[in-house]
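One line per chain: the protein sequences are A, B and C, in this order.
Counting the first sequence from 1 gives a position; the working numbering is that position plus 60.
Counting the second sequence from 1 gives a position; the working numbering is that position plus 1.
Counting the third sequence from 1 gives a position; the working numbering is that position plus 22.
There may be inaccurate statements among the hints.
[Unchecked claim] Computed footprint of chain B on chain C; a stretch qualifies when at least three of its residues, placed anywhere within it, have a C-beta under 8 Å from a C-beta of chain B: (1) 46-58; (2) 81-91.
[As the list claims (entries may be wrong)] Quick partial rundown of chain B residues pointing at chain A, CB under 7 Å, derived from the structure: (3) Pro54; (4) Ile73; (5) Ile236.
[To be verified] Among chain A residues calculated to face chain B with C-beta under 7 Å, some are: (6) Pro142; (7) Phe143; (8) Leu147; (9) Gln220; (10) Asn223.
Rather than coming from a laboratory, the hints here were simulated on the basis of the structure.
We put the beta carbon where it would ideally sit given N, CA and C, even for glycine.
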Amino acid sequence: MSTQQSLPPNPVETLLRTDRMPHIWCPGCGIGTTMNCFARALQQARLDLDKVVIVSGIGCTGRVAGYAHLDSFHTTHGRAIPFATGLKLANPELTVVVYSGDGDLIAIGGNHFIHAARRNVDLKVICVNNFIYGMTGGQVGPTTPATALTSTTPYGCPEQPFNLPHLAESAGAVYVARWTAYHVRQITHSMVEMFRKSGFCFLEILSPCPTLYQRRNRLGDGLEAMKYYKEASVTRHGAPTKEVALSFQGPIVVGKFVDVERPTYLELLNQQLARALEAQYTGCIEEHVRG
Amino acid sequence: MKADPRGVLSGVHFLDGDQACAEGALAAGCRFAAGYPITPSTEIVERFAQRVPLLGGMFLQMEDELAASIAIQGAVWAGAKAFTVTSGPGFSLMMEHIGYAAMTETPCVIVDVQRGGPSTGLPTLPAQADMQQARWGSHGDYELIALAPNSPQECFDLTIEAFNLAERYRTPVLLMMDEIVGHMTERVEIPPAEQIELVPRRYTTKPPAEYQPFAPEADLVPAMVRAGQGYRFHITGLTHDERGYPTTSVAAHDRLVRRLVAKIRNHAAQLTRVEEHFLEDAEVIVLAYGITSRVALRAVQMARARGIAAGLLRPILIWPFLEARLRQLARRPGLSGILVAEINLGQIVREVERCVGAQVPVQLAGHAGGSVHHPQELFEAIVQMAHAVEIER
Amino acid sequence: MSEVEIQIGGLGGQGVILAGMVIGRGLVLYDGYHVSLTQSFGPEARGSACSAQLVVSREPVLYPYVTNPHILVTLSQEAYRRFVPSLRPGGTLIVEADLVQAVPLPDAVALYRVPATRLAEALGRRLVMNMVLVGFFTAVIGLPHPDSVRRAIRDSVPTGTEALNLAAFEQGYNFGLKQLAGKSEADILH
Numbered sequence: 061m062s063t064q065q066s067l068p069p070n071p072v073e074t075l076l077r078t079d080r081m082p083h084i085w086c087p088g089c090g091i092g093t094t095m096n097c098f099a100r101a102l103q104q105a106r107l108d109l110d111k112v113v114i115v116s117g118i119g120c121t122g123r124v125a126g127y128a129h130l131d132s133f134h135t136t137h138g139r140a141i142p143f144a145t146g147l148k149l150a151n152p153e154l155t156v157v158v159y160s161g162d163g164d165l166i167a168i169g170g171n172h173f174i175h176a177a178r179r180n181v182d183l184k185v186i187c188v189n190n191f192i193y194g195m196t197g198g199q200v201g202p203t204t205p206a207t208a209l210t211s212t213t214p215y216g217c218p219e220q221p222f223n224l225p226h227l228a229e230s231a232g233a234v235y236v237a238r239w240t241a242y243h244v245r246q247i248t249h250s251m252v253e254m255f256r257k258s259g260f261c262f263l264e265i266l267s268p269c270p271t272l273y274q275r276r277n278r279l280g281d282g283l284e285a286m287k288y289y290k291e292a293s294v295t296r297h298g299a300p301t302k303e304v305a306l307s308f309q310g311p312i313v314v315g316k317f318v319d320v321e322r323p324t325y326l327e328l329l330n331q332q333l334a335r336a337l338e339a340q341y342t343g344c345i346e347e348h349v350r351g
Numbered sequence: 002m003k004a005d006p007r008g009v010l011s012g013v014h015f016l017d018g019d020q021a022c023a024e025g026a027l028a029a030g031c032r033f034a035a036g037y038p039i040t041p042s043t044e045i046v047e048r049f050a051q052r053v054p055l056l057g058g059m060f061l062q063m064e065d066e067l068a069a070s071i072a073i074q075g076a077v078w079a080g081a082k083a084f085t086v087t088s089g090p091g092f093s094l095m096m097e098h099i100g101y102a103a104m105t106e107t108p109c110v111i112v113d114v115q116r117g118g119p120s121t122g123l124p125t126l127p128a129q130a131d132m133q134q135a136r137w138g139s140h141g142d143y144e145l146i147a148l149a150p151n152s153p154q155e156c157f158d159l160t161i162e163a164f165n166l167a168e169r170y171r172t173p174v175l176l177m178m179d180e181i182v183g184h185m186t187e188r189v190e191i192p193p194a195e196q197i198e199l200v201p202r203r204y205t206t207k208p209p210a211e212y213q214p215f216a217p218e219a220d221l222v223p224a225m226v227r228a229g230q231g232y233r234f235h236i237t238g239l240t241h242d243e244r245g246y247p248t249t250s251v252a253a254h255d256r257l258v259r260r261l262v263a264k265i266r267n268h269a270a271q272l273t274r275v276e277e278h279f280l281e282d283a284e285v286i287v288l289a290y291g292i293t294s295r296v297a298l299r300a301v302q303m304a305r306a307r308g309i310a311a312g313l314l315r316p317i318l319i320w321p322f323l324e325a326r327l328r329q330l331a332r333r334p335g336l337s338g339i340l341v342a343e344i345n346l347g348q349i350v351r352e353v354e355r356c357v358g359a360q361v362p363v364q365l366a367g368h369a370g371g372s373v374h375h376p377q378e379l380f381e382a383i384v385q386m387a388h389a390v391e392i393e394r
Numbered sequence: 023m024s025e026v027e028i029q030i031g032g033l034g035g036q037g038v039i040l041a042g043m044v045i046g047r048g049l050v051l052y053d054g055y056h057v058s059l060t061q062s063f064g065p066e067a068r069g070s071a072c073s074a075q076l077v078v079s080r081e082p083v084l085y086p087y088v089t090n091p092h093i094l095v096t097l098s099q100e101a102y103r104r105f106v107p108s109l110r111p112g113g114t115l116i117v118e119a120d121l122v123q124a125v126p127l128p129d130a131v132a133l134y135r136v137p138a139t140r141l142a143e144a145l146g147r148r149l150v151m152n153m154v155l156v157g158f159f160t161a162v163i164g165l166p167h168p169d170s171v172r173r174a175i176r177d178s179v180p181t182g183t184e185a186l187n188l189a190a191f192e193q194g195y196n197f198g199l200k201q202l203a204g205k206s207e208a209d210i211l212h
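Use the sequences and the hints to build the structure in full.
Encoded structure:
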């Protein structure tokens, strides 16, 4: 025990609700890895952590909000983005991060995802994509690669999955990147870039689900997944997003694909109201909205 | 706390109920609304969208009612007072987030301008057929508060009341309007701001180290915080303990859900808002709410003019139901029966039956919607109920 | 008087609702009456049958619907056809002279005809036909007080159009007064 006491504290411990450990994630799952990157990115970006808020939906990744030692909201399935939209617009000084899974953000929440990107609401959206519904036991989702086995496609998935970077860019995201759970430094770097950028930012992180996706498809454990990510990943910054679709155990294009400037929803709203109402307009939101 | 005069359009106006509701929200200090267009509620947010930018607030048109009903809750946790408005189909979509607001004790106001249903039903015509959905529509056990205005004036007054009750009890409050009150235009008097009393949000006075988001105060309502103040709090729709942390403990679940229910139910007496006419000697009590209460009063007057001792009991606050008052009236000797008039095929009448049991006959005067009852129709029902008793005697 | 029921019927786009709004606002804000104004429309945005209905009383109005109007105003033949059967015996009927043929005419009603469209065209804007009609209504019905209507018009119409709408009101009002004085339509127009 004495050796444990002499260990230096984990550098990200202040960003975790240690009183909630152990977490619920399986051995070999990549969500915890991404959360470690997130904590490091928050530290690197030197944000006022009292002004950073994390919002999740439902699912394995949705539990991130419960472990982050920040103001944190675990909302309803699919609705993290509209909740975060209300939060951000009613208090623009907050940095609002949406952290959720592929099923939550893109299936049940898909409509909110494209509309928030279209409006360019200043949200940092982190999507951990494990190709499957984990918490409910491994069903097919909107990112499950064609032919993959899941509990509800026991003969193989017949559907074409979403290409998330392409979807995000098409809908209007100003920052789009993809990494895998293997690329911890790159993930951290992208998160820092997102924190420093305003507008709808999207980061997809491919992550192993050894218990369901890997096991059912006989892809080995978490370590095997890491080997696959390492071997199959090709970094192509600026790659046209329509060329980065994924396939079952196929090549993975990673990198930062989109980094453009576009006024945020709030900036546009302010401009429009100032133009239309002239002197009558004394500015929107800020302190007036909050009681 | 008094209303901010900038949001209060003091004076006498000729407004429809939808417009009056928007003015009520502004007077109540609401500066954030999100919505999705749906007849016959849309005029509320149209007026809000026109007025609120001049008051430093915003209206956000969302992609659907699911988004609208959760965006307002995000805004509330950022510190805003917020509301959304809808009608039947949209109200159905909002059910999950009524449950989220109940579970997370998020004070917010949801307006349902009722129209004929089920499904798309009668978009431009009235009904009162969402009354039990309002009470039970989200899954699980919870209580909430619902109000039913019967005029544009009350659409103004009760919208303010709805915001106040939401803050007082940290609960979603539903304003159950209907197409007629929403679209009818009448005199609406908006008082000076200094005469409008507002309930401020109950923010904690404790420092972060001592604060527990769901540790109740004496009245079972916990004090609130908002994001960005250094409290590092956690909010979840999962069953949670006093710290706000998820738990699957049966005991913790029981403690939480019982408290959510009790914080409203224990205050049922304070939550009774009722209008009564001619009840002192009434042999037939007509119970009606919303627009139907006005027609019912006319029918009661017609009955009185013909020597029938009819009276009107009008719950203004529908949920929690005015159980105690109703039981008290039902015990009164000389009462022949209770006639429940509502624009549906039997919703609040069930609640009346539950309250009075076999003590007095309870009868429904209902129809499927699209119109309000004609006073003559209710008058005849009153006569019938009075005569039925005569014959039995 | 207990309650007076007024119905104004026409086509969407004729300004029927605004006419009802101005009359109602005048009665409520400046003459101290209780008024419930309801509206009905077809699903089309333009060209559908629509009507404004006002229940006017010294007491709060309990039943907001018009069932048998004391006063019926029709601006289209379709509205005439639909609403005339419900007009109360002894009631008052006002029709747009060029758009509505008052046939069949019920027994025992007082009929007034106003060429509101022509009078509005004389002002250069056919669109203000509804305010001509409101002026005529005010003159022949005796309610609301004409000053109340003038104030209600200023409250109700888009900024910048007050003068035009008020002029339309005066046209209709004067036409109504002259008709009451017993002059024929041809006399008044010439």
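Hints, one by one, checked against the model:
{"no.": "1", "hint": "46-58", "verdict": "holds (count 7)"}
{"no.": "2", "hint": "81-91", "verdict": "holds (count 6)"}
{"no.": "3", "hint": "Pro54", "verdict": "holds, 5 Å"}
{"no.": "4", "hint": "Ile73", "verdict": "holds, 6 Å"}
{"no.": "5", "hint": "Ile236", "verdict": "holds, 5 Å"}
{"no.": "6", "hint": "Pro142", "verdict": "holds, 4 Å"}
{"no.": "7", "hint": "Phe143", "verdict": "holds, 4 Å"}
{"no.": "8", "hint": "Leu147", "verdict": "holds, 4 Å"}
{"no.": "9", "hint": "Gln220", "verdict": "violated, 24 Å"}
{"no.": "10", "hint": "Asn223", "verdict": "violated, 21 Å"}
Against the hints set out earlier in the document, violations occur for numbers 9 and 10.
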